[in-house]
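Assemble chain B onto chain A, guided by the hints.
Chains as they are written, first to last, in this note's numbering: chain A, 1 to 301; chain B, 1001 to 1130.
No lab work stands behind these hints, which were simulated from the structure alone. Hints may be right or wrong, so weigh each one.
Derived contacts from chain B toward chain A, CB cut-off under 7 Å, selection only [said to hold, decoys possible]:
id, residue
1, 1040
2, 1041
3, 1049
4, 1050
5, 1052
Pair ranges (Cβ atoms, derived) [as the list claims (entries may be wrong)]:
id, chain 1, residue 1, chain 2, residue 2, range
6, A, 205, B, 1103, 49 to 57 Å
7, A, 280, B, 1020, 23 to 31 Å
8, B, 1001, A, 180, 18 to 26 Å
9, A, 245, B, 1087, 49 to 57 Å
10, A, 94, B, 1024, 41 to 49 Å
Where a beta carbon is used, it is the ideal one built from N, C-alpha and C, also for glycine.
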Amino acid sequence: MSAVLRARGLGKRYKQRWALQSCDLDVPAGRVVGLVGPNGAGKSTLLNLASGMLTPTAGTIEVCGGRPAAGVEQLAKVGFVAQDTPVYSALSVADHLDLGKRLNPNWDDAVARDRIRRLGLDPKQRAGKLSGGQRAQLALTLGIAKRPELLILDEPVAALDPLARREFMQDLMEAVAEHELSVVLSSHLVSDVERTCDYVIVLVDSHVQVAGDIDDLVACHHRLTGPRRDPDTLPAGQHVLTASHTDRQTTLLVRTDTAVHDPTWTVGPLGLEDIVLAYMTRPADAVRDTRPALEVLRCSG
Amino acid sequence: MIEFHLNSRSGLPPYQQLVQQVRHALRLGLLKEGDRLPTVKDVAKQMAVNPNTVLKAYRELEHDGLVAARPGVGTFVTRTLADATLAAHGPLRKDLQRWLTKARLAGLDDESIEALFMSTFRDAAGEDVA
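So here's chain A without its partners, still in its complex pose (with noise of 0.2 Å):
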């Protein structure tokens, strides 16, 4: 399948400091991305990249075949709602819907039309009156309404209370299931990722540290315990993630591409969340020692 974000070499900084790394990215289309790190990891200044608001300082970075923001077609292929869901707060409802309509070439009125009645927005409302979560959906609509192919969303939930972030998260994958939507959306929960996403990117510290199928992710990490034994001493082909010891135990989180066969460990399934974790929490020294094997991960499991 073809890639809807492809990234080689990819770095952004601004003055002094690098926002963004050699970034090597290929993600599928078709897929909802989840992109998480922590606080001025870099995540922003990526989804940036990738909608043409920032331009690349080192590499390249193509989305749906082209390059960002390169042209009317181009723009035309990928909707961005930005940190906070901006709207214009002095237009109304109904004028954010004319305004999607004249600018947008495959604008689907019907569906922007349907999806405010649906929601319960008064069209004459002026949009700076609207709550946080009608603000959310209203750029949702304007997203879905674009009819992208791809839809970038910066931290859409992050404001939101727990019911209006469900609200968005069921109308988006609706969305994602009627238009076959790719989506790369940026997230501090980590559950929401697990629901909603199913390849997930982590960035720390300015650089990709693993990116890929969530199914195979979790198939390919697993938490090892077993009597004290330095992890140096692991066959070739479990990479370390973490390691802890206690006198006479060791607790490490390995990724491995084949089945741990060694019965002296006590081999234990990992969730996405310890996963994402680990690729976090480890030193940042380990980071560089591993990085030519941090690929796109496929395992047999």
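For chain B alone, coordinates are given in the frame of chain A:
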């Protein structure tokens, strides 16, 4: 019709939870041959879950011969799990009871019995996979 739910603490990936819930409903007779499963879009919307996850679950159920997709119509249950194995339950339960008596006579307490059963069960499941 079945209504799905997700448990974030179950430790199972979402698609396996869906598969398990269908199998469970088939075993208990809550789903019968000819019943239609909810559409991928409806499940995605209702549960705020990725449609690919639902598709993956339905594909696995189809692969197991439990459901069949009729394009444009829906996904239907083709086989039940309830009565196929029910007859075997009685004798198997007797075997287990005999085994439990032996385990108790050998001095195992409840916790040891459960641990032994689960570790044997997991080993056997592991052999099946390999």
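Outcome of the hint check:
{"no.": "1", "hint": "1040", "verdict": "6 Å, holds"}
{"no.": "2", "hint": "1041", "verdict": "4 Å, holds"}
{"no.": "3", "hint": "1049", "verdict": "5 Å, holds"}
{"no.": "4", "hint": "1050", "verdict": "5 Å, holds"}
{"no.": "5", "hint": "1052", "verdict": "5 Å, holds"}
{"no.": "6", "hint": "A:205 x B:1103: 49 to 57 Å", "verdict": "53 Å, holds"}
{"no.": "7", "hint": "A:280 x B:1020: 23 to 31 Å", "verdict": "30 Å, holds"}
{"no.": "8", "hint": "B:1001 x A:180: 18 to 26 Å", "verdict": "25 Å, holds"}
{"no.": "9", "hint": "A:245 x B:1087: 49 to 57 Å", "verdict": "52 Å, holds"}
{"no.": "10", "hint": "A:94 x B:1024: 41 to 49 Å", "verdict": "48 Å, holds"}
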